[in-house]
Structure formats: structure tokens, C-alpha cells
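Trainee: Sequence:
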Amino acid sequence: MEEIRAQQIEALEVLADYNERLVKSIGSVIGELEGDRKEDTDKFLDEIIKGINWEIGILNGTMSLINEGEVRVDKEEMNGSILNLSKALEGKVDKEMAEALQKALPMFEKLGQVAREIVEK
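In terms of the numbering used here, the numbers along the sequence shown are unbroken and rise by one, the last being 121.
Keep in mind the hints are simulated off the structure, nothing from the lab. Some hints could be false.
As the list claims (entries may be wrong) - Derived CB-CB ranges, DEER-like:
| no. | residue 1 | residue 2 | range |
| --- | --- | --- | --- |
| 1 | Glu39 | Glu90 | 18 to 24 Å |
| 2 | Asp40 | Met63 | 16 to 22 Å |
| 3 | Gly35 | Val71 | 35 to 41 Å |
| 4 | Glu90 | Asp36 | 21 to 27 Å |
| 5 | Arg5 | Asp40 | 28 to 34 Å |
| 6 | Asn84 | Glu2 | 33 to 39 Å |
| 7 | Glu34 | Glu120 | 31 to 37 Å |
| 8 | Asp74 | Glu34 | 35 to 41 Å |
| 9 | Lys24 | Asp74 | 21 to 27 Å |
| 10 | Met63 | Glu2 | 17 to 23 Å |
| 11 | Lys92 | Gly69 | 37 to 43 Å |
| 12 | Lys110 | Lys38 | 36 to 42 Å |
What the hints assert, rightly or not - List of simulated lysine to aspartate or glutamate pairs, EDC-like, C-alpha gap at most 20 Å:
| no. | residue 1 | residue 2 |
| --- | --- | --- |
| 13 | Lys103 | Glu68 |
| 14 | Lys50 | Glu20 |
| 15 | Lys95 | Glu34 |
| 16 | Lys103 | Glu20 |
| 17 | Lys87 | Glu20 |
| 18 | Lys24 | Glu109 |
| 19 | Lys24 | Asp94 |
| 20 | Lys121 | Glu34 |
| 21 | Lys50 | Glu117 |
| 22 | Lys24 | Glu2 |
| 23 | Lys103 | Asp74 |
| 24 | Lys92 | Asp17 |
| 25 | Lys95 | Glu47 |
| 26 | Lys95 | Glu32 |
| 27 | Lys24 | Asp42 |
| 28 | Lys38 | Asp94 |
| 29 | Lys43 | Glu55 |
| 30 | Lys110 | Asp17 |
| 31 | Lys50 | Glu68 |
| 32 | Lys87 | Glu39 |
| 33 | Lys24 | Glu99 |
| 34 | Lys38 | Glu76 |
| 35 | Lys50 | Glu3 |
Bear in mind the structure is a predicted one, so any value in this text is a computation, not a measurement. Note that CB positions come from ideal geometry on N, CA and C, so glycine has one too.
Use the sequences and the hints to build the structure in full.
Mentor: Shown next as C-alpha cells:
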């Protein structure tokens with residue numbers, strides 16, 4: 001049990017560091033999708049989606065630690081946000097993708113904050 005907890009803490013350490021860059025990148029790509037599209041916006045968005053998927057994988061593996069004692073990340077809320085984002089990405093309409101990312105952004109900001117709090121304990 002202690003080994004699993006140590007692995008979870010280590011995963012959250014990596015997530016906390018990565019999350020800061022991901023959150024900044026999400027903010028940047030939202031601007032691009034809202035009208036400041038660049039030549040590499042699609043590639044940038046693909047990399048962000050890979051990062052989001054990676055963080056979701058870490059979240060799934062650490063949810064028991066994250067929500068130990070209190071619910072810090074609501075799984076249903078996160079799933080709804082990701083489902084909304086997934087639908088927008090399928091449609092490939094810039095405005096809809098930007099809106100979905102804007103709605104998902106606070107969840108990723110909170111995930112990073114929670115990860116940092118746990119690591120600092």
C-alpha cells in the first residue's frame with residue numbers, strides 16, 4: 001500500500017510540473033482558435049490533446065489519493081468536461097473547440113493546484 005502511495009505521489013509531482021505548461025498552452029491555443037489561427041495551430045492542438053490525455057491517465061491512477069478524506073476532483077464533473085471537449089474536437093469547428101477548452105481549463109487548473117498541494121504535504 002505504501003509503495004502504491006509513493007508511486008502516486010511521484011506521478012503527481014510530475015503532473016504538477018507539466019500541468020503549468022499545459023494550462024498555459026491551453027490558454028494560447030484558445031486564442032488561436034478564437035481567431036488568431038497560426039500555421040501550426042492544428043499541430044499545437046494535437047500536442048495539447050495528448051497532454052490532456054496524459055493528465056487524465058495520471059488522474060485516473062491517483063484519484064484515490066487525490067480524493068482521500070475529501071472530494072477535491074469530482075470525477076463526474078471531469079468526465080462531463082472531457083466528453084464535451086471530445087465532441088467539440090470531433091466537429092473540428094474552431095469556435096466550439098475554443099469554448100470546450102475554455103470550459104475544461106478550470107478543471108485542469110484545479111488538478112494542478114491539487115497535485116501541488118498533495119506533493120507539498
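Trainee: Name the hints, by number, that the structure is in violation of.
Mentor: 2, 5, 8, 12, 13, 17, 20, 21, 22, 24, 31, 32, 34, 35
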